[in-house]
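So the chains spell out like this:
Number of protein chains: 6
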Amino acid sequence: MHFATNLSEIEALLKEDVPYFDLTSSLLELDTLNVEILFSPRNPVTVCGSEEAEKVFKLLGAETNMLKQSGETAKADEIVLKAQGKAEPLHTGWKTSQNILEHFSGIATRTRAMVDSARRGRKDTEVCGTRKHLPGTKSLSLKALRSGGGYPHRLGLSDSVLIFSNHYNLLGGIETLCRQLPAVKARCPEKKVSVEIESLAHAVMAAGAGADIIQLDKLSPGLVEETSKQVKKVNRDIIVAAAGGINGNNAEAYAAAGADVLVSSWMYVGKPADYKVTIRKI
Amino acid sequence: MHFATNLSEIEALLKEDVPYFDLTSSLLELDTLNVEILFSPRNPVTVCGSEEAEKVFKLLGAETNMLKQSGETAKADEIVLKAQGKAEPLHTGWKTSQNILEHFSGIATRTRAMVDSARRGRKDTEVCGTRKHLPGTKSLSLKALRSGGGYPHRLGLSDSVLIFSNHYNLLGGIETLCRQLPAVKARCPEKKVSVEIESLAHAVMAAGAGADIIQLDKLSPGLVEETSKQVKKVNRDIIVAAAGGINGNNAEAYAAAGADVLVSSWMYVGKPADYKVTIRKI
Amino acid sequence: MHFATNLSEIEALLKEDVPYFDLTSSLLELDTLNVEILFSPRNPVTVCGSEEAEKVFKLLGAETNMLKQSGETAKADEIVLKAQGKAEPLHTGWKTSQNILEHFSGIATRTRAMVDSARRGRKDTEVCGTRKHLPGTKSLSLKALRSGGGYPHRLGLSDSVLIFSNHYNLLGGIETLCRQLPAVKARCPEKKVSVEIESLAHAVMAAGAGADIIQLDKLSPGLVEETSKQVKKVNRDIIVAAAGGINGNNAEAYAAAGADVLVSSWMYVGKPADYKVTIRKI
Amino acid sequence: MHFATNLSEIEALLKEDVPYFDLTSSLLELDTLNVEILFSPRNPVTVCGSEEAEKVFKLLGAETNMLKQSGETAKADEIVLKAQGKAEPLHTGWKTSQNILEHFSGIATRTRAMVDSARRGRKDTEVCGTRKHLPGTKSLSLKALRSGGGYPHRLGLSDSVLIFSNHYNLLGGIETLCRQLPAVKARCPEKKVSVEIESLAHAVMAAGAGADIIQLDKLSPGLVEETSKQVKKVNRDIIVAAAGGINGNNAEAYAAAGADVLVSSWMYVGKPADYKVTIRKI
Amino acid sequence: MHFATNLSEIEALLKEDVPYFDLTSSLLELDTLNVEILFSPRNPVTVCGSEEAEKVFKLLGAETNMLKQSGETAKADEIVLKAQGKAEPLHTGWKTSQNILEHFSGIATRTRAMVDSARRGRKDTEVCGTRKHLPGTKSLSLKALRSGGGYPHRLGLSDSVLIFSNHYNLLGGIETLCRQLPAVKARCPEKKVSVEIESLAHAVMAAGAGADIIQLDKLSPGLVEETSKQVKKVNRDIIVAAAGGINGNNAEAYAAAGADVLVSSWMYVGKPADYKVTIRKI
Amino acid sequence: MHFATNLSEIEALLKEDVPYFDLTSSLLELDTLNVEILFSPRNPVTVCGSEEAEKVFKLLGAETNMLKQSGETAKADEIVLKAQGKAEPLHTGWKTSQNILEHFSGIATRTRAMVDSARRGRKDTEVCGTRKHLPGTKSLSLKALRSGGGYPHRLGLSDSVLIFSNHYNLLGGIETLCRQLPAVKARCPEKKVSVEIESLAHAVMAAGAGADIIQLDKLSPGLVEETSKQVKKVNRDIIVAAAGGINGNNAEAYAAAGADVLVSSWMYVGKPADYKVTIRKI
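Protein chains in written order, with our numbering: chain A, 820 to 1101; chain B, 820 to 1101; chain C, 820 to 1101; chain D, 820 to 1101; chain E, 820 to 1101; chain F, 820 to 1101.
Everything labelled a hint here was simulated from the structure, so no lab data went into it.
Since this is a predicted model, take the numbers as computed values, not measurements.
It is possible that part of the hints are untrue.
Which copy is meant is left open, so a pair is good if it fits within one copy or across any two.
Unchecked claim - Here are the simulated lysine to aspartate or glutamate pairs, EDC-like style, with alpha carbons at most 16 Å apart:
1) Lys894 - Asp1093
2) Lys1095 - Asp1036
3) Lys905 - Asp850
4) Lys1037 - Asp1093
5) Lys951 - Glu835
6) Lys1095 - Glu855
7) Lys951 - Asp1093
8) Lys1100 - Asp850
9) Lys957 - Glu828
10) Lys901 - Glu855
11) Lys1004 - Asp943
12) Lys901 - Glu870
13) Lys1011 - Asp1056
14) Lys1004 - Glu848
15) Lys1095 - Glu897
16) Lys905 - Glu848
17) Lys1037 - Glu1017
Build the full structure now, drawing on both the sequences and the hints.
Below is the structure:
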């Protein structure tokens, strides 16, 4: 998986934590010591951010050695990244690197768990992350999602067609939408048209009107299963996406219920992965 | 509380979700409808982000009405923000605004809970948020922290002096540091010098050497209480900061144990506040 | 159509032409004169950029009056935009505004012509603009495309699946791809999968393997017609996209041949629309 | 010729096309293949953009080999740039690099043709490109202009003095301007003062008043010749610039008519150069 | 004089001083007080930066009243700018505004003094500021220069032709340059060609070779007078620029010596203007 | 001392001087010459900016050799930086590098002088630079301050607590503030609270109320000495900061008077260091 972060974005992350210099290391006059810094997770993780963490140290003039790429698995205590250099620049980059590794390995690890859970339910159900990551973190949040085996649900509003109930209620309701759907589809022939649905009857109606994807919001696995069967009778190629409250615990059940896609924000929020950081003289 | 976010940062957040245009609204030809959009939390919250959410809609040409400022409390179903305009630009700004409100009201609400809990333990213990927010979100994360009554622990490495064990282990250990501490303090007379400590004995040694703040890492409330008493015997003005695993549940206990400051990352991570969004014709 | 350009992007465009001040107007001491500036096309156009041109003058402190929005048609000599203010700031914004209006109205007008031509061939063929606009101009180029009634083909590499011959030749050829296609499709259930094809036989093979879109590169209208018929026998919902050399002159023929989508870069390149600019005392 | 583009600008161009990752290559799991990519023009070109295209691949971690610098000529099928690496990052950078090379080599090649044509008319007539390139592309557009042997006419409004008829009409007409011209010249002694002129009589008047450059707007080559003779009688060092409708076909005639400078926007607009891109396993 | 600073630049200046919030005002709980802030110079100044200072307060939500524009003169204690609002945002903008006003009014005031001095020596000698302002401050430094009646000497390396001795020494010396000068001039017919000169003999040689401007580096007023006479015998339209050590004290002498242009960095460096800032309840 | 400047900031500084290319070097066709450029101060300096100057040349493709780091002393004529490459890119980077070295070595050298002077007065008095550097130059201004042995007084408004008379006058005067001070201090237990004071009586009152730092504004050394004695009787750990008119000449006197900190803007303003630049063929 190739997912590059711009140097200027990495510089901005470092600047956020160290706008000018590391006052403590400067006061302690650490700049004559040669040290190495090592990052290893305290528990097994799916790594994300090792390329960015490495670039932080490269920008600071250190020698680096990245042992795990984003997307790889690291066992507890396995070293993911090493850097060598003067103690002052290594302390300068320490927390920015750790923070990147911990937050985004956390997202990647939860995504991986959810993908694995979904695959136990059904071998080809995909896990897609929503737009509801923290504002301002899309680039690394999507990298973490991919690192864990998930895909973006939609990048944002400009790239895909997802008709929410808010939309069709303004138009006059689901029936009005269904009448307009063929015309809408003709205007975006290269896109699948997804319709958010809250009941079985509406799902069948939308499937009949040509929706490519039925996104089921907050239905139980049982209702997903029933709805999935009904809509696939109408169009065997239709995609059933389950959304709303999908998480690592119920992913298997929703997948087993026949959902083709699990749409979730669950992986974005949770405890960061815990990395042990060792700094020692060399 | 005044905490302004740059227009160019808000434009960047909107661009992250809508790099070009809202394809779905455009395909549905919503641009002739006049609508209003209303945001209200489903549960009581401490609001954060209403100024930014309002600016999103202003940038999109809508009329706005902000009913709750960041830092204010909103009851369930109380309206925090309204905007009026054409359906297409309001849909364009919908999720960016909601995402800002939900994530940062979540942080503010957890901070508020933690501050209230700490105050139950001791009336003047302060809650300070660490640097371990999501990389790239410092500005809004600190606004959320302030909205909930907390303060930043340190903005980053350039503004404060916090000597971690990583630092003094490189120097030769806590004793070496203590010998050097008076000289270090003289170099930064306008700053308090904080020393991270893992045991009672070390705390007393650092207090004796002139540390202004003893930051106790992962000590139990009982040990915090004992340590606090001992170091305040050495210097009654010393500040005792408890860090490592402090959260909304144990804040009261740590405050009651005598900690002057609770240093925590707990508020940064957790479920976003849930806002109901209503879009309706006017 | 709502398609907002960030203030900071408009400031950057103005800065590109006027990094510091308008030396000529300054030397001529024009700053005491009150003037108005009027923009009108010399020939009929589909307008694009009037919102941005207006914001240029607003940023310079002028009063403005926008008479035509992007996407509207303006007749020869019809006034699209007026601004009033001191002669020096109006001269400062003159060419930046004119340049935006001329280049992007040019793209919008060519797109409109191509869409109209395609609709004469077939009433629901869509015109989609490629990624081959000038580097650095995607935002305004896509706005121009939409203003003329076209849609983006793909925003870039991150939002859509288009398998070029370069891709499948690396995999071992079209047959290898076709064997892998079901698995690829399962990995992106919310996306249509498009395959670039250079012959009828390959098109039928890809259709059989489940391609959602067949993109025909540089085939004659006759071959497009024949291919379209064949692949729609395999899958009546398949989308046929014609690409490579499609332009305003042959759009009707390709649409009449049955192409659902015309994929083109033709609109991006050509003479700018010609706007007359009048500056006069008031 | 040295004309560097900032790394952060190149990162922005790549981000425009690939905001996050290359979805297609990722789905096809191309990341294990080692490939090379080769760029060669299908027709002879004056190269522009090879340094930037090379940096795109360097940023993506590839090994590169640039065989033609901007400003050099490449024959049909001559290789301008090679890069080697994993198939996924090379696909990621493919179209951004190609798009830079094609658009800006197109401008360079047209400039070169126009310069060569002008030199056939008169050996020391210079070709200067206007400010009417696409907004947002000045840096690469001017690099392309220089690559083709042209020079910028003016970088923008802040660096040079060009008095248009719009200016002097506000002042009261050409006669008023001519009375003020000595004072204007005294205010900018390090700059040449250019006056846009639409008739022979006005040209002679402006020359007499001390204009350093007479810019003739939309005059025929015959009128340029006559005007040039007349104004050079007044001041043999005066510069005659021909502007308005100058292009690759009439450059020779205008140069032969005695114009010292051809001011044109013609090179900025036209078909991109066509580069063949080969991607193959290594 | 119109010289606009981008909103995003002003936001960056404010962010430089107040990255997040005003901690002191927040701790003092000033946000309920309504106050006004007034800026007046303690000594007479030529104002620069009042537009930017006003925008700082507008961005912070205050009501503003700008009484002196950049370029105007303010007497001691005359009010240049007022703003009204809550005490916390006014304190937030206080020092950024004051710092802009003080530094750039300082440059403007020194420039004004130098222009006045030069005009006493000769009524039409111009004062031009070099590129040697503080790196990163060109925009406001040039605005200050213009506010004081000066002009930029060159904006940078891309807009003008100034041949330093470093240049021609590489070519083989002044004689070699003089032989090449006609060809160089022919390549840039719209620009004046300036040659830096260190002796009378070289000045006469360069004038004879066609230099448009002779820039005399570190010559005494006496030598400037002698050189000026000699080169104007060769070419009465030649411009004599005096550079190197020109300041507010010797400007009159150099102007009286016949220099057409005084090229100086002197105005960029010196004590900031001193503004009194009053904050009071309303 | 480690104090890194972002690549993107250095690119911006270079772009400020050379937005597109070096016109003069281009016209002189210098690009075939191999040259070296050498920077050495004409007088002894404390170096600042050599890392940034080196990166300017690296970005331009030159080989570099930095002989003095920021913070080191260079004797007159000692070489601080060398770069080798083609004449055109070296001329492109010449003045940007020189300007960085000259302005910021000037600040560093003045800071060094002030620190040395202060230390003669008292061996552990610290020199702290204010926020009153030129707007937009904080990063390099603080680097220069550190290079000369000084420290930042406050980075800005967000990181420290300094109560000016403007603040407490709004609250009702110094007495009101003193009553509130214990509560204010409790809200920021990790910060020292500084109070600006204009008289001895107020100083003693603030010391009694718990101020950690007394900042004496524009008091004579004699008054500083007297005040210092008095407040240290109240609290022997209190810090006395002298501000307002402190400079290189009186630093020793203020330090000898017992000030713990000298707060000054003096070092930010003054003549740049003078660097000789040699460019010669190799």
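Evaluated hints:
In the homo-oligomer, the alpha carbons of Lys894 and Asp1093 lie at most 16 Å apart inside one protomer (12 Å), although the nearest pairing across protomers, at 36 Å, exceeds that limit. Proximity of Lys1095 and Asp1036 under a CA criterion of 16 Å is satisfied inter-copy only: 15 Å between copies versus 40 Å inside one chain copy. Taking CA atoms no more than 16 Å apart as the test, Lys905 paired with Asp850 passes inside one copy only; the shortest distance there is 6 Å, against 35 Å between copies. Taking identical chains as interchangeable, the C-alpha atoms of Lys1037 and Asp1093 lie at most 16 Å apart only when they sit on different chains, with a minimum of 15 Å there against 32 Å within one chain.
Taking the shortest alpha-carbon separations for Lys951 and Glu835, only the inter-copy value of 12 Å comes in at or below 16 Å, while the best intra-copy value is 23 Å. Taking CA atoms no more than 16 Å apart as the test, Lys1095 paired with Glu855 passes inside one copy only; the shortest distance there is 14 Å, against 39 Å between copies. Proximity of Lys951 to Asp1093 under the C-alpha cut-off of 16 Å is restricted to the inter-copy arrangement: shortest distance 12 Å between copies versus 23 Å within a copy. Only within a single protomer do Lys1100 and Asp850 lie at most 16 Å apart by alpha-carbon distance; the minimum there is 12 Å, versus 37 Å between protomers.
Taking identical chains as interchangeable, the C-alpha atoms of Lys957 and Glu828 lie at most 16 Å apart whether they share a chain (12 Å) or sit on different chains (14 Å). With identical chains, the CA atoms of Lys901 and Glu855 are at most 16 Å apart within one copy only, with a shortest distance of 7 Å there and 31 Å across copies. For a Cα distance limit of 16 Å, the shortest separation of Lys1004 from Asp943 across copies, 10 Å, qualifies, whereas the shortest one inside one copy, 26 Å, does not. Taking identical chains as interchangeable, the C-alpha atoms of Lys901 and Glu870 lie at most 16 Å apart only when both belong to the same chain, with a minimum of 12 Å there against 25 Å between chains.
Taking the closest pair of Cα atoms, Lys1011 and Asp1056 come within 16 Å of each other both inside a single copy (11 Å) and across two copies (12 Å). When the C-alpha separation of Lys1004 and Glu848 is checked against a cutoff of 16 Å, the pair qualifies only between copies, where the shortest distance is 13 Å, while the shortest distance within a copy is 66 Å. Within a single copy, Lys1095 and Glu897 get their C-alpha atoms as close as 10 Å, which meets the 16 Å cut-off; across copies the closest is 44 Å, which misses it. Within a single copy, Lys905 and Glu848 get their C-alpha atoms as close as 11 Å, which meets the 16 Å cut-off; across copies the closest is 40 Å, which misses it.
Taking the shortest Cα distances, Lys1037 and Glu1017 sit within 16 Å of each other inside one copy (7 Å), while across copies they are farther apart (45 Å).
Violated hints: none; the structure is consistent with every hint.
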